[in-house]
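K.L.:
One-letter residues, chain by chain:
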Amino acid sequence: DAGITQSPRHKVTETGTPVTLRCHQTENHRYMYWYRQDPGHGLRLIHYSYGVKDTDKGEVSDGYSVSRSKTEDFLLTLESATSSQTSVYFCAISEVRAGTSGSLPYNEQFFGPGTRLTVL
Amino acid sequence: KQEVTQIPAALSVPEGENLVLNCSFTDSAIYNLQWFRQDPGKGLTSLLLIQSSQREQTSGRLNASLDKSSGRSTLYIAASQPGDSATYLCAVPAQGAQKLVFGQGTRLTINP
Numbered sequence: 001d002a003g004i005t006q007s008p009r010h011k012v013t014e015t016g017t018p019v020t021l022r023c024h025q026t027e028n029h030r031y032m033y034w035y036r037q038d039p040g041h042g043l044r045l046i047h048y049s050y051g052v053k054d055t056d057k058g059e060v061s062d063g064y065s066v067s068r069s070k071t072e073d074f075l076l077t078l079e080s081a082t083s084s085q086t087s088v089y090f091c092a093i094s095e096v097r098a099g100t101s102g103s104l105p106y107n108e109q110f111f112g113p114g115t116r117l118t119v120l
Numbered sequence: 001k002q003e004v005t006q007i008p009a010a011l012s013v014p015e016g017e018n019l020v021l022n023c024s025f026t027d028s029a030i031y032n033l034q035w036f037r038q039d040p041g042k043g044l045t046s047l048l049l050i051q052s053s054q055r056e057q058t059s060g061r062l063n064a065s066l067d068k069s070s071g072r073s074t075l076y077i078a079a080s081q082p083g084d085s086a087t088y089l090c091a092v093p094a095q096g097a098q099k100l101v102f103g104q105g106t107r108l109t110i111n112p
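Chains as they are written, first to last, in our numbering: chain A, 1 to 120; chain B, 1 to 112.
Isolated chain A (complex conformation):
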């Protein structure tokens, strides 16, 4: 258990409304990520954070914004939800660790339980 919680776990909302999803971790990991998972597309990175107030875009960032004002919380906001944003959203955390026995640094990610979002 990597100490990751997501809230809410399920949400139904209407097109055009703002939505904020929260990811909370208890182990002070530096890196945090937001993914969405859709049939036929697999897991796709939306945004990630490499520290407080330090964020960057992933491959499907349009329509999403993020904020990280504390190490433990990473928020994903849909400013004006659309039906195409109906999905399962996963938060993940990681640290980059020094490799062993001549290996390069590695990044092992751990995932939260997910939030199922439906936009009507």
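No lab work stands behind these hints, which were simulated from the structure alone. Heads up, some of the hints might be wrong.
Said to hold, decoys possible - Computed list of lysine to aspartate or glutamate pairs in EDC-like fashion (alpha-carbon distance at most 20 Å, straight line):
hint : chain 1 : residue 1 : chain 2 : residue 2
1    : B       : Lys-99    : A       : Glu-14
2    : B       : Lys-99    : A       : Asp-62
3    : B       : Lys-99    : A       : Glu-59
4    : A       : Lys-53    : A       : Asp-38
Chain A is fixed; fit chain B onto it per the hints.
P.N.:
Chain B in isolation, oriented as in the chain A frame:
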């Protein structure tokens, strides 16, 4: 751009069989490779991580191998059980060590 492919997309085998799941990637300059398991409606659980200089990792009945030169990894499951039924995903870092690229997964069904 790194791309990850998992074949087959779905696999169904009788209980007790040994089986192999495949993962291939296009850029062999990877820092590590990670295998995950996902049960329906659940999040991803990390199974094994193979570092760049390692050839394999083992955990219980699971053995993951890595051949960077050929861009391939395999996940071997010994003596399969119905509880092994799940989707298995592999992932490799892209653009350095911080971000992962995932395969589409193999949906495994073990029949009693």
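K.L.:
Broken hints, numbered, in rising order?
P.N.:
Those not satisfied are hints 1 and 4.
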